[in-house]
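Work the whole structure out from these sequences, hints included.
Residue numbers (our numbering), protein chains in the order written: chain C, 1 to 321; chain G, 1001 to 1321; chain V, 2001 to 2321; chain H, 3001 to 3321; chain R, 4001 to 4321; chain P, 5001 to 5321.
FYI, nobody ran anything at the bench for these hints, they're computed from the structure. Just so it is clear, CB atoms sit at the ideal spot from N, CA and C, and this is done for glycine as well. Worth double-checking, as some hints may not be accurate.
Derived EDC-like pairs: lysine to aspartate or glutamate, alpha-carbon spacing no greater than 16 Å straight-line [as the list claims (entries may be wrong)]:
1) V/K2211 / V/D2181
2) C/K16 / V/E2019
3) V/K2063 / G/E1112
4) H/K3063 / P/E5056
Examples of chain P residues toward chain V, derived with CB under 8 Å [stated by the list, open to error]:
5) I5197
6) L5251
7) T5252
8) H5293
9) P5296
10) L5301
11) V5304
12) N5315
13) K5318
14) R5321
Number of protein chains: 6
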Amino acid sequence: MMRLSPPSPERFIQAKQFEINFGGSEANVAVSLAHFGIGSTFVTCLPENDFGKAAEAHLQSNKVVTEQINFRGSRIGIYFLEHGVDHRSSRVLYDRADSAFENIDPTYFKWEEILDGASWFHWSGITPAISQSAADTCYDAIRTARKLGLRISGDINYRRNLWQYGKRANEIMPSLIAESDIIIGGLPDFENCMSVISPDFTDACKKIQQKYPSITKIVNSNRESIHASHNKISAMLWDKHNLLKSKEYELTHIVDRVGSGDALMAGLIYGWLSNWKDQETLEFAIAACVLKHTVPGDVNLVSVEEVGSLVKGVNVGKLLR
Amino acid sequence: MMRLSPPSPERFIQAKQFEINFGGSEANVAVSLAHFGIGSTFVTCLPENDFGKAAEAHLQSNKVVTEQINFRGSRIGIYFLEHGVDHRSSRVLYDRADSAFENIDPTYFKWEEILDGASWFHWSGITPAISQSAADTCYDAIRTARKLGLRISGDINYRRNLWQYGKRANEIMPSLIAESDIIIGGLPDFENCMSVISPDFTDACKKIQQKYPSITKIVNSNRESIHASHNKISAMLWDKHNLLKSKEYELTHIVDRVGSGDALMAGLIYGWLSNWKDQETLEFAIAACVLKHTVPGDVNLVSVEEVGSLVKGVNVGKLLR
Amino acid sequence: MMRLSPPSPERFIQAKQFEINFGGSEANVAVSLAHFGIGSTFVTCLPENDFGKAAEAHLQSNKVVTEQINFRGSRIGIYFLEHGVDHRSSRVLYDRADSAFENIDPTYFKWEEILDGASWFHWSGITPAISQSAADTCYDAIRTARKLGLRISGDINYRRNLWQYGKRANEIMPSLIAESDIIIGGLPDFENCMSVISPDFTDACKKIQQKYPSITKIVNSNRESIHASHNKISAMLWDKHNLLKSKEYELTHIVDRVGSGDALMAGLIYGWLSNWKDQETLEFAIAACVLKHTVPGDVNLVSVEEVGSLVKGVNVGKLLR
Amino acid sequence: MMRLSPPSPERFIQAKQFEINFGGSEANVAVSLAHFGIGSTFVTCLPENDFGKAAEAHLQSNKVVTEQINFRGSRIGIYFLEHGVDHRSSRVLYDRADSAFENIDPTYFKWEEILDGASWFHWSGITPAISQSAADTCYDAIRTARKLGLRISGDINYRRNLWQYGKRANEIMPSLIAESDIIIGGLPDFENCMSVISPDFTDACKKIQQKYPSITKIVNSNRESIHASHNKISAMLWDKHNLLKSKEYELTHIVDRVGSGDALMAGLIYGWLSNWKDQETLEFAIAACVLKHTVPGDVNLVSVEEVGSLVKGVNVGKLLR
Amino acid sequence: MMRLSPPSPERFIQAKQFEINFGGSEANVAVSLAHFGIGSTFVTCLPENDFGKAAEAHLQSNKVVTEQINFRGSRIGIYFLEHGVDHRSSRVLYDRADSAFENIDPTYFKWEEILDGASWFHWSGITPAISQSAADTCYDAIRTARKLGLRISGDINYRRNLWQYGKRANEIMPSLIAESDIIIGGLPDFENCMSVISPDFTDACKKIQQKYPSITKIVNSNRESIHASHNKISAMLWDKHNLLKSKEYELTHIVDRVGSGDALMAGLIYGWLSNWKDQETLEFAIAACVLKHTVPGDVNLVSVEEVGSLVKGVNVGKLLR
Amino acid sequence: MMRLSPPSPERFIQAKQFEINFGGSEANVAVSLAHFGIGSTFVTCLPENDFGKAAEAHLQSNKVVTEQINFRGSRIGIYFLEHGVDHRSSRVLYDRADSAFENIDPTYFKWEEILDGASWFHWSGITPAISQSAADTCYDAIRTARKLGLRISGDINYRRNLWQYGKRANEIMPSLIAESDIIIGGLPDFENCMSVISPDFTDACKKIQQKYPSITKIVNSNRESIHASHNKISAMLWDKHNLLKSKEYELTHIVDRVGSGDALMAGLIYGWLSNWKDQETLEFAIAACVLKHTVPGDVNLVSVEEVGSLVKGVNVGKLLR
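Here it is as structure tokens:
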């Protein structure tokens, strides 16, 4: 998607310019992984116009493989972001109806070929929320990935406003989740996308385990919002036996929180692809997520070394020269 | 519409920012007239969101009355403008499908009330090209205006790409034109919107006169494009008897030609509302059009005095202090 | 006034650009109310030049009625604002001598006509501080408003530097205050403009009540400045019987505190025009004031819904999408 | 003075930012000479505030000696510049009433000390037009300079709008001109400031010679304005015997013509201080003037080498690397 | 290289910001070809730091394959570009001593592998001018390319200032040229790099043919500089029998001429790779070169369709919508 | 040095522009003192190009005397600064190899003449770290200063990465320090530059006193980094008898910490030149250092009055008008 935002801290109503960025949940994960040195291919539909090409160039400049992108349709999805600050919240206005991505279709992709040689497939709950054909495309991909033995992660990412095409999340999401190994989600996600209702995360995880036996890890981030510029954040991981908790970070100067969940996801994938232990992976992922809050744009332009330094608490706040 | 353009002379593909402007053919005429001191009301549909409000604020800050704007729908039409320069042409990409304006409907407006007390109604051929309901709305307005005795001007403005809703211009436009007093158009407009085919402007005007007896003036601008930054421009006016020609201007440093036809139209309306003679009106209108090329944005922010100075050739190029 | 400020956090001495805004105490109140949906007319003098017109356009784009503005004189008042940050304070340099506003004159305005149909009149202590004729004009307006039965609010806003035309505030202000219903002020205001001296707000209010029986409400904000970017703020209201206190907010990322008192005033007027109770009104007003600190420029571009959310503590710091 | 201009080609009414520059006729000459390697001292009054200091810093960064500047008064003169383009003219709005410079006074300066060791004194007709005390100060300086044997140049620079303090130019200017060696001026300057009326430059020069025997050179530039971006320019010099003419340059992409007369003056002074012949000096001066049109701001940031290259026609339009 | 330039038309001495671009002769050719749809690999050395990565990202976003780039060394070559305008020339200051590219070494590259499967190799005379090891690397590449049967083009690009490492161009260039099929150059290139001296291009080409029998085409552009913003340009091509001449274009609003020779080269390569006739290829190449002058930055962001339209004279200066 | 930094909070890899500043440890001290009203001369080498001139203009506009600057060499040292924020640290990349300053040489300067009439000489440990000739030049200056009876201060400023020319700091620094009166440094400085090893500051100071009897004061700042935007800072001073401690400040909105040590140094010099007591001097210096964190760029653009207000806690965070 193309993201258009007035220079912070201007409001939409007073803006004379938009800053242009490109992003989207799965794309952000791919870029983040590419900056960690992991070869990443992003599969989507983009329109055959200058903005489709600009989105592709954004991905390429961030080292994501774009060979599988399908260029069709006439418009790119847009979202407008108004940066909040202090007690004024950030706001997003979507303008994605009839985008190339909404019109994505299972017939466009030969997943066996696309996934050939890959070791991991990641999807987000945004995709099946957009349209039936997007949901179908996502399901095809997941099923093929499973058949080919890839590890599969899904970020549930339930947003009530998105589900507009006549299906409820609970009708669509379970079959996608049932084929996944790892999910990110919290209690509202579980309720709305998996019909798992519980006031307690650990308890909910146990119920999910019974209902979705393929799932081996469940991760969630805990964000406490003091206000738009000041949050506390940590993450927790259910490994089928225990609930691991990460360090909590206090973010007092948030630059851009969009994409921070994707940064967390990328950190998890990086850790597990590196065969790190769960706790180590979780600490890396939350530190990546923390750093994302300091980078303008949707994507997390940080290196493994930078995340590692934050995990170890080395050089934090120093002037590195 | 919201207009988004990279800072000149950047291309879309390299843009990191868009400059935000608001415009649209009839809106531009209204703003121009307001800057000439003529009370102008703009009637349209805008979405009920921040960008609809920003468009309204743009009109208000330019002294256009916005009381009759209908706030409905969820998106504002967008067009992307890439400024050309020298041998590289300017380009426009439209993104207006499903905009509030496309979904405008005749039932939204009580034209007798809206037009009460007005002396002039202006419409452009962009509106009936957008959708059937927009064409119907436009027709309602014109018919009511005629009934109430307003003078009616129409800018034919034929653009092949716009007519996408299943009707050809020749099926829709004649009934709108038949109720108008004054039109702006050239040979391709006549052929495509009025089925009047002729290689000669004067001859075409004579044919139009026969077919559309209500029309009393036909105006056209002549633009010779040396390249994107360098044009020559003049206008001509058929007054049912003679073809009047304006002075020709050579524009060597074009800043922004979007809206220059609307500036011409506003100049004509101003002259005729002032009861000027046709030649005087034509010279004022082409000078207004010339000045529009120097003003960034869609609208012509110039005063009657400034246009008058150019007509008289006073102070051109001087440093006024 | 025209406000010129280097982009934050640059100092005057290093600035290469000024950002242009328009504001002024009463204008800010009018804009704020207009954004709350309250029809507001602003009465002033502006010069007959481009900057006078730009100030008018600013008001119009913010839905303030400008029909009563008197265009005379040759210069617009200017103030230069250097944004402070952290331990460096913000600074204002005034350049308003001989402005159109300073030369405002009682003979320019027919207050009976202007105030016809209005329900509220607001004035600020800045106006009588500028010149004798401004004080006289203000007094005329207040007296007429009282005669016509409007509610009258005054923001005392005592600033020692402003009173340069040979009168002390204590010679001018009492007659203006004596005709008002509601005032905003604190202990230094009371001492310098009303000759009411007391170390205690409640006690001072009681003395004011005796001296100025027309006054029904006295409001004051309490600001604790940790530094330029970090303040704590709350408000209190004397209702002739009790001292009501609002919630206190901690502002850790102040963007622009100019106009925050005007935002508070507008919040109070909105609440009372809505016939809310005093406590409800006070909470709404302080929340409006808090949000103003996040909006660049003098005026508070927030809606009733946004203020209401903050009062209720809903969605604070969330990413709204 | 502080110059505030919207980014070209924006109009005042649409500006959101001003670019800040500093300039003024005599200051511009001093800066230009300093960039030519000539030690230059600028004498003026500036206010004791941040903008007075910023003006001083501007001069210092351009190597002008500022030791003789008198810091008094409370405001710096401002002028607003709207850049014209193509058929739209540039405009200047002055806001200099009551500036530190207007209040300059002869008692502030000990000219014998200030001019000690100097070889040239330059003044412009702007100064005596501002106020009686400015005229008196200028006269003191010229008389002292003459006494000390300096060469004295004056740029007549007659502007009708400036003479507002009750004197006509013809009452003040003759005594200043009578003590000068070299003047820049054209027929309107001669008529309004010297009561010399003639339709012909050579004839006028002869009359001046008789009336003002101290004058040894009279220079004028000839500017033909096609429009704001396109001028032709040349200069001519009367040496008491012959009228020398410079090469004519065609300027098709004018960036900023403010200060181009000052650039010409500086070129003349440089040539004569270098003991060049008149024709050589004139060619250098007009080439300096031509280059000024390409430099944003009031001052001519070019070197002797660059001017020399243009005179010789070397490397014009080349990419120098 | 990293290119840093003040926003046009500012001078270095007044700049407060640099715009960042990346370019270099061969890289520009590669990018241009990639935008024409030709798979292009760029081989170079870049430093292992953020600016090396940024240069790589620039290439990737422009679809150039970067797999063969060697990351070594500590600094990226910089050049500073001051944009000229009108009679003020553009200037370049190089700061490339000890750059990663200067220290490039033949041992870093296995040319047989790199060139495997390629059909064309292009080099520029800048490379052998930088250092002995760069010259050696270039020679290795050319010899291998020849052995593998690739077509080889060289842009002679003689710049006196560059040859600083102790060798003259005439000692190095002949062996590189002798292995090439196609060269771009003019009389000074022939004299300084091939010891071919002649006052006439055709005659010089005949001499080159005898001395360098491998060369089948010699191309040169003819640029007439009216000034920095206004040039006339055309190209000519010697095909061993005749001198073909292209159309001449008049460029009156040059935005950025850096890289225009590289755009010409890319146009030639595209035409010949498409098996077009020489005249057709030449017209395409000069039109590509013309369009480059309108694109900010070093690289030519235009499509085959856009170049083709200019060749045909279709839509020049139109507003494309 | 020229400092190039992406607009905060952008990362290097995403930057499209650099903001240009000039600075360097000793230059920053000179500028700061000049803004305190102390005549300051800066002695260095700058290249003979536009950037050397721009650096000189920067100093001049800040009132530093530049007459002793030696213009030689071809490049200016550059450093690239990426502003950190929150948990992301700031980073500096140096590009100063072969700069004019690295090639500085003792033979360029006649220190007896340069220091004639001066009362204080300040040097920083950066200089001797750059090259042997820079160390020699620094030593010459110090020795001469001592001979002439100036007070001498040195900021040890040990940075491991800088010492690349074959000497260790411990081989060079002791002789420079031995001739100084006042030093700024902490435990790592003492160990690496003076071979004084101790875990305790007071104890280390005592050892230094024995080894370097000329030293009368040792100052160090204590910085606690919560993260890049949030530090706590204080300073301490060993006066040969006692360890004085300053107030601690909490900086929660750091704009630019580069040069804050130089601001501290300038505060110390100012206090001692004013013959203030040590505690008063220390409080002034730390307050100057605190304010530097709010000023973008390397230099501390604050006045004595502003620092004094912070020391007294007057008006902190107020809107000064």
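A quick look at each hint next to the structure:
| no. | hint | in the structure |
| --- | --- | --- |
| 1 | V/K2211 / V/D2181 | holds, 13 Å |
| 2 | C/K16 / V/E2019 | holds, 12 Å |
| 3 | V/K2063 / G/E1112 | violated, 26 Å |
| 4 | H/K3063 / P/E5056 | holds, 10 Å |
| 5 | I5197 | violated, 36 Å |
| 6 | L5251 | holds, 6 Å |
| 7 | T5252 | holds, 6 Å |
| 8 | H5293 | holds, 7 Å |
| 9 | P5296 | holds, 6 Å |
| 10 | L5301 | holds, 5 Å |
| 11 | V5304 | violated, 15 Å |
| 12 | N5315 | holds, 6 Å |
| 13 | K5318 | holds, 5 Å |
| 14 | R5321 | holds, 4 Å |
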